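Colleague: Taken in order, these protein sequences are the chains called W and R. First residue of the first sequence? That's 181 in our numbering, and the numbers climb one at a time after it. First residue of the second sequence? That's 181 in our numbering, and the numbers climb one at a time after it.
Derived by calculation from the structure, the hints in this document are not laboratory data. Bear in mind that the values here come from a model prediction, so they are computed numbers and not experimental data. You may find that some hints are simply not true.
Copies of the same chain look alike in the list, so a pair counts if it fits in one copy or across any two.
Said to hold, decoys possible - Below 30 Å or equal to it, Euclidean Cα-Cα: the simulated DSS-like pairs (lysine-lysine) are: (1) LYS183 with LYS436; (2) LYS263 with LYS273; (3) LYS374 with LYS183; (4) LYS190 with LYS322; (5) LYS375 with LYS322; (6) LYS502 with LYS436; (7) LYS183 with LYS322; (8) LYS273 with LYS183; (9) LYS403 with LYS183; (10) LYS375 with LYS183; (11) LYS436 with LYS374; (12) LYS436 with LYS565; (13) LYS565 with LYS273; (14) LYS263 with LYS403; (15) LYS436 with LYS322; (16) LYS480 with LYS263; (17) LYS436 with LYS273; (18) LYS480 with LYS502; (19) LYS436 with LYS263.
Protein chains: 2
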Amino acid sequence: MIKRNSNFAKLSSRYLFREIENRRREFARNHPEAQLISLGIGDTTEPLPHSVTEALKAAAHRLGTREGYLGYSQEQGFQSLRKKISDIVYQTKIQPEEIFISDGAKCDIGRLQLLFGEGLSIAVQDPSYPVYIDGSILQGVKEIIPLPCTPENGFFPSLNSLPRVDLIYFCSPNNPTGAVATHAQLEELVHYAKKNQVLIIFDAAYASFIREAHLPRSIYEIKGAEEVAIETNSFSKWVGFTGVRLGWTVVPERLKYSDGTSIRSDWERLTTTLFNGASNIAQYGGLATLEIEGLQEADKILSFYLENAAILKESLLSQGCKVYGGDNAPYLWVSCEGTNSWELFQSWLENLHLVVTPGSGFGTYGEGFFRLSAFNSRENILIAKERLRVNLKMNSIQNYGY
Amino acid sequence: MIKRNSNFAKLSSRYLFREIENRRREFARNHPEAQLISLGIGDTTEPLPHSVTEALKAAAHRLGTREGYLGYSQEQGFQSLRKKISDIVYQTKIQPEEIFISDGAKCDIGRLQLLFGEGLSIAVQDPSYPVYIDGSILQGVKEIIPLPCTPENGFFPSLNSLPRVDLIYFCSPNNPTGAVATHAQLEELVHYAKKNQVLIIFDAAYASFIREAHLPRSIYEIKGAEEVAIETNSFSKWVGFTGVRLGWTVVPERLKYSDGTSIRSDWERLTTTLFNGASNIAQYGGLATLEIEGLQEADKILSFYLENAAILKESLLSQGCKVYGGDNAPYLWVSCEGTNSWELFQSWLENLHLVVTPGSGFGTYGEGFFRLSAFNSRENILIAKERLRVNLKMNSIQNYGY
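This is chain W alone, in the form it adopts within the complex (with noise of 0.2 Å):
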């Protein structure tokens, strides 16, 4: 019989995010009247707007009518979603041919490392979302390289003493750190991946939790970025899309292989030959979202998750807790203080009824750490609250008992 991929075997049994929801029905299932508050997986709580919600239903709609029904689109994407990006997003810095519509980061990212050889180094923030190396795993990678990033580097891992690597996945505003990297901080990335001809996966998943003018929102503003780099970004966290699945992926025209031929143009052929577009409801709901009503009425949504990441980090730091992110990112990375990262899991699950990430399933320098997650209702933010005031308040954080 056919033989398996044997990278399979070098992955870790369960998905990071599935183990947590396993742990969490279990517990569920045995505790039937435990209030749970998930602060775990980032998946987002509030409602569409209402301007999305009109145009996704307008999209339904019109698929029943003889005059709007539309079957296959372009597989790269509507060119008026295309272009509106262009135009919104990257102020017509990156053309509407450079946009490649997905239906969602997490996928495309899958899809982007069949583009290169094989036996590819790659380098990763260490910690890191687990789909970069699960991805890279799977497509046969030959070596990964942590990148450092913890409280003392301020979260910005040190390129100096990097080996040779081809390819280095950086994620800013950052999951699980919630932190941001600075203008300064990417002009020296980008300067390194241009030095030492390395490509940079940029992940912008949640580039519209930025507040501060002065911090980039893409690697595009980054003089060069777009001869080293493609950017991955998503409606997901930025308009609650993480069910209706829409997500875009930036690749220049002036990005080239070692052998100079166009990444862009076998992008294009990949995503014709192995993918058959996003959901059309999916992308007219993508055009309402960049309509100035859309921007407005995401942009609230947006603030009101940063106003709960707020509130949770006034709590802890109010309770002597080391707490990083959160100001412009809906995750906050909160210090274990000497705890291993899956019994805080298990003890806050099991004595704060919270289910937090803990930091080790993000790697080994997220040992130490867990992740909070803003995502959530305003009430079930008050209510975790209260309960980290009682309890931390009378146990240290590594106690955190009842």
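Fit chain R to the known structure of chain W by using the hints.
Modeller: Same frame as chain W, now just chain R:
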């Protein structure tokens, strides 16, 4: 700079259907007066069934409400949808846990190849849907063996002389020939696969067009197939979801790799890692399709397309053409009577203003044929019929000019 996946160079530079679309556009630009009718790309044209449209609208509406909002769901799809497909499509012979909801068969065909080890030998029907080969090439397949399907063998390949392969792609009802494998033929295929330990990827995306009750709609109607076959299927052609994007893949529990480990379990890991589920709105549409009303409405549309196929087929037969398929499939496979199929494409485009798909785009054994798609309005089909009547009467099929 990063190295190119050298397999890209092995692909033809353009995906077949993009090439056709480009040629059609160019002609339309230069001849704005021409009333082009596309019998080329197999894209649905009828509006969605009413009950399905209403379900999509209701789903979109709920996403805008606090009670109805839904973020991430399980990557494998709604449990309710998996259960319903198990009940309705497979009469519970396939379990919900073996059914994985996708954003379409094409995307899954791409992802499936990541399950297997390198250096595969694969066999594909020739002619066949180009994605099997293109996707395999990108994943570094070692050897591709064509299985000639011609009028002479009733479009069912001879398996006796087939050298050892790891994987057979098999599509029934077939795209492009419109041929449907009989129960006895699929038994032969499954028997061969079991005896020689070959995996089958069975593409059943057109199964809903089968009208003759004795013809199998799923490979799992054959005893023992669950030990050797993966089946992929889609709502695209069934209910007009080509743009909405929804499909599924069955990976049976009993299917194992050569090392005895479970393929289903790796597929679950892969979908979890590199996929984030089909759009939830589309999934609600899938649920509505599987209700009695949805099934009946969809069936009416399928019958409508099959009537289109019958009109075209009769028209061509009455002109003395050799025509295959179209009885339990939306495609007709027509002999070019000695003409090169791209030349015929160009000539029909220029002279009949009809867009067809040249057979050579589907493989070596597709040369000498072209595919006609029955996805169109009745009005267009009747105009096409009239153009054929007037022109083919005066000319042989080779000359076909106005």
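Colleague: Failing hints, ascending?
Modeller: Violated hints: 6, 12 and 13; rest satisfied.
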